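Now for the letters of each chain:
Protein chains: 2
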Amino acid sequence: MDYQKRIAKLQEKLRRKKVDGLLVTKPENRRYLCGYRGGDHGINETSGMLLVPASGKVHLLTDFRFKLQAEQESPGAEVVIYKKGVLRLLGQLLPDLAVTSLAFESNYTLHSFADRMTTTLTKNGMKIVPTDGLVETMREIKDEEEISLIRSAVRLNEEVFAEIHSTLADFPTEIDIALAIETSMRRKGAERPSFDTIVASGKNGALPHAVPGSSPVEKDGSLTIDMGLILDGYCSDMTRNLVVGKPSKRYLELHRLVRKAQLAGIAAVRAGVRVCDADKAARDVIVDAGYGSYFGHSLGHGVGLAVHEEPRLSSRSNKKLKADMIVTVEPGIYIPGWGGIRLENMFVVREDGCENLNNDSTWLDI
Amino acid sequence: MDYQKRIAKLQEKLRRKKVDGLLVTKPENRRYLCGYRGGDHGINETSGMLLVPASGKVHLLTDFRFKLQAEQESPGAEVVIYKKGVLRLLGQLLPDLAVTSLAFESNYTLHSFADRMTTTLTKNGMKIVPTDGLVETMREIKDEEEISLIRSAVRLNEEVFAEIHSTLADFPTEIDIALAIETSMRRKGAERPSFDTIVASGKNGALPHAVPGSSPVEKDGSLTIDMGLILDGYCSDMTRNLVVGKPSKRYLELHRLVRKAQLAGIAAVRAGVRVCDADKAARDVIVDAGYGSYFGHSLGHGVGLAVHEEPRLSSRSNKKLKADMIVTVEPGIYIPGWGGIRLENMFVVREDGCENLNNDSTWLDI
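Top line first, the protein sequences correspond to chains A and B. Every letter in the first sequence is one number past the one before it in our numbering, and letter 337, counting from 1, is 337. Every letter in the second sequence is one number past the one before it in our numbering, and letter 292, counting from 1, is 292.
Everything labelled a hint here was simulated from the structure, so no lab data went into it. Here the structure is a predicted model, which means the values were calculated and not measured. Careful: at least some of the hints might be erroneous.
Given that identical chains are not distinguished, each listed pair holds provided it fits within a single copy or across any two copies.
Simulated pairs of lysine to aspartate or glutamate, EDC-like, Cα-Cα distance not exceeding 20 Å [stated by the list, open to error]:
1) K127 <-> D115
2) K188 <-> E163
3) K188 <-> D176
4) K320 <-> D96
5) K188 <-> D232
6) K280 <-> D20
7) K203 <-> E73
8) K83 <-> D277
9) K322 <-> E310
10) K127 <-> D96
So that you can see chain A by itself, here it is in the shape it has in the complex (with noise of 0.2 Å):
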């Protein structure tokens, strides 16, 4: 990855902005940036921050238990270890590098944080700016190397569903198909799941976060299965539907359904195009089935470093595609007390269409 390019931009941008310097706390921001792939234990544990200085070399702020990786994995960092806490080395660190401007990631600091920060920073005439999706921005757009790891996730994870998927029969519930899942995954290569694999039978199903139980899966009944894994650090995101069994005529109209509400999004989506749009074209097919209470969620989402980011492709929103996006598009209906139904690809976003990077196989098209 060529970190020094994404640095030089978001230095142009910084400088733009007329602030010296950006503390970078979203692990994946910080990934993009400098490379150091170390783990959070949620937002309350980091494994280490990144300034980048508005010129001049970025310093990633971590604590002992982290010195080696981040050394190993950062050379483009100065590594620098803090004993006393992140502030304490922020309030030596900052005069040193002439940051009287510190900009923050508002939507990635706690409060409590972003506080005690401006409490003790500004003491010294430290001047403190909260900012928002500075680097998410530019992570909207992929450049050839992360298309290319992004389709080998997808590649990947379809390799572990038709793996599962052929031998379906011999897992009798939910938990055993997602435990199956996830270790296959990480069998095969994944660093782990993008999230926690969602195994969903017959009536599960209308919960579109369902939790894998202890449940037999239905015979004849809708199974949903919605997983995902990381590959060098890149996620993939799909969710299959299908019937151990025979389906049933209801089953069958709504899977329909729900494809065709799934090809008329994918249709809309190239640059350009607004998400609300994109949102529209397949929520349309639903509403006019007279489901359209049934498709509470948005259409898709973004997918990277991590497997949900910007854009939304929401009812909400007025933003618009751009070529290199690599977006979800995924449609659904859930009806308490029968199942749910929800399909989902990943597509690269192009000038005039879009790139499906999944395999429509044809079992989709029942």
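The hints should help you fit chain B onto chain A, whose structure is shown.
Relative to chain A, chain B alone:
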């Protein structure tokens, strides 16, 4: 779990603080207060917020995706669904509940959200009050039922370790061991690992938070396994250090030193003792042997619904231990270029000492 009792206790605290309600955003706090297990996908994607008024019924605010789950798991809460964001819902709900001052959890609320909440809600004269640790302080002291659940989580963790330990020679790489551990955890009924399993062979052991890699397990070298699982919501956490092959003289010397430090720490843990003094008891052993600079982290931490929670057994805290807290005792020595040794058990703090939740098998005392 007696959620009503917990809510009543929190409401009493709110009335003492003279606020009309608390918006609970931290997932563990939410679960502690109402039983809802909804999984957040990071702090940016909540599966719900719990609104606890200073008196009256609690409200669980969530979106379409989690409606059924919220209703099933939190029968004591009024489940309210928002379609256009939680802030708009709060703007409608708070006046109905006569809430004119709302506290929020400063250490689990993003700066951006706090900012928007303040802007939106103070328009109508609402007072917004940052708070810290209201629920966490309650969670520090475990009741009988919680201790029993944690005991089960510790036992299952040991069972998994024993299984893998007996077949360790079958696994060529760190990642093979980590995968076998996490698969076994889930086959035996754990919800998931409580953190990413650490398996660090040889020199990698010098990274306290090493990521398992595809490097082969070093024969005759140090092997650190730090593993934990979640069972019925409650966490376990345990570190073992061993050698596949024949331990060197240096390994034996250092292992015995860390064990000696651990025993000194354990002997210091009881109600009324300051956490810094417990840390010092163990640290002194390592400092006196000349390895002080190789033990860069705290002695331990609380464990409960979160794997890392209060109290922290830190040299920088004067907090006193109390009966029925559950903490780890885990000194370590990490030598760059050689490797590392850490030993970790979990303990219930008692008035007159502490109870070891782990089985100290003989292989610990080599």
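How the hints compare with the structure:
1. K127 <-> D115: This pair counts as both: shortest intra-copy Cα distance 13 Å, inter-copy 18 Å.
2. K188 <-> E163: within (11 Å within a copy, 23 Å between copies)
3. K188 <-> D176: both (18 Å within a copy, 11 Å between copies)
4. K320 <-> D96: For K320 and D96, neither the intra-copy (41 Å) nor the inter-copy (39 Å) Cα distance is at most 20 Å.
5. K188 <-> D232: Result: close within a single copy only, 12 Å intra versus 30 Å inter.
6. K280 <-> D20: Neither way: K280 and D20 sit 42 Å apart in one copy and 41 Å across, limit 20 Å.
7. K203 <-> E73: Close across copies (16 Å), not inside one copy (46 Å); limit 20 Å.
8. K83 <-> D277: between (51 Å within a copy, 19 Å between copies)
9. K322 <-> E310: Result: close within a single copy only, 11 Å intra versus 46 Å inter.
10. K127 <-> D96: within (16 Å within a copy, 40 Å between copies)
When each numbered hint is compared with the structure, violations occur for hints 4 and 6.
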